[in-house]
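Each protein sequence line maps, in turn, to chains A and B. The opening residue of the first sequence carries number 20 in my numbering; numbering runs sequentially from there. The opening residue of the second sequence carries number 115 in my numbering; numbering runs sequentially from there.
Please keep in mind that the hints were generated in silico from the structure rather than gathered at the bench. A hint or two may mislead.
Partial chain A-side listing against chain B, Cβ under 8 Å, derived [claimed, not checked]:
#, residue
1, 21
2, 37
3, 61
4, 64
5, 88
6, 125
7, 128
Heads up, the beta-carbon is just placed ideally off N, CA and C, and yes, glycines get one too.
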Amino acid sequence: DSGVTQTPKHLITATGQRVTLRCSPRSGDLSVYWYQQSLDQGLQFLIQYYNGEERAKGNILERFSAQQFPDLHSELNLSSLELGDSALYFCASSVKVAGYYNEQFFGPGTRLTVL
Amino acid sequence: GDSVVQTEGQVLPSEGDSLIVNCSYETTQYPSLFWYVQYPGEGPQLHLKAMKANDKGRNKGFEAMYRKETTSFHLEKDSVQESDSAVYFCALRKEGRRALTFGSGTRLQVQP
Chain A
20 DSGVTQTPKH LITATGQRVT LRCSPRSGDL SVYWYQQSLD QGLQFLIQYY NGEERAKGNI
80 LERFSAQQFP DLHSELNLSS LELGDSALYF CASSVKVAGY YNEQFFGPGT RLTVL
Chain B
115 GDSVVQTEGQ VLPSEGDSLI VNCSYETTQY PSLFWYVQYP GEGPQLHLKA MKANDKGRNK
175 GFEAMYRKET TSFHLEKDSV QESDSAVYFC ALRKEGRRAL TFGSGTRLQV QP
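Whenever a hint applies, use it, and build me the whole structure from the sequences.
Here is the structure:
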């Protein structure tokens, strides 16, 4: 158990819909990362938040957005869903020590299926 | 841009065989290098790491040497066990960057 929790575990929805994925980082970790794992693209970094502020962006579509709340949990919002958005979405968290980001701990993931 | 290449999609050694899983990287700086392992139904978890050239990461009998000259970080083990079966991802993180760049993964399936 990494200490990172993600809900829901599975999500099935239709094209055009909007969903929200939730992540709670490990206790004490201020940094949250979102990754997408798909068969054709592998594991790809989407976005990072640190203590409520966006810090880095990867290959995140404009239809996707995220935020980190004062209690440090994060939500990834996916809208206008397409079949190709079906994937595993992982959240990871890490602690920043002396200006450096330490090891990332991954949650169990949310499996999104778009029909 | 940064990239990590794992040439084997799947390896099928027998229990007790030696193992090498290849990983090559390309980046403009000297990154930190990682191997993550993913078991079914779980997220990736850190397996071993090397923070600078000539460092060797070690964990549970696995080793990987950070070789700057050949830009490689191959995962090795002298004698694999069935319990080692999982998907292994090589990854890099550039200094000052936050995100990990992953390879495509290698599925290790150890035969009994």
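Hints versus structure:
no., hint, in the structure
1, 21, "holds, 7 Å"
2, 37, "violated, 24 Å"
3, 61, "holds, 5 Å"
4, 64, "holds, 4 Å"
5, 88, "violated, 19 Å"
6, 125, "holds, 3 Å"
7, 128, "holds, 5 Å"
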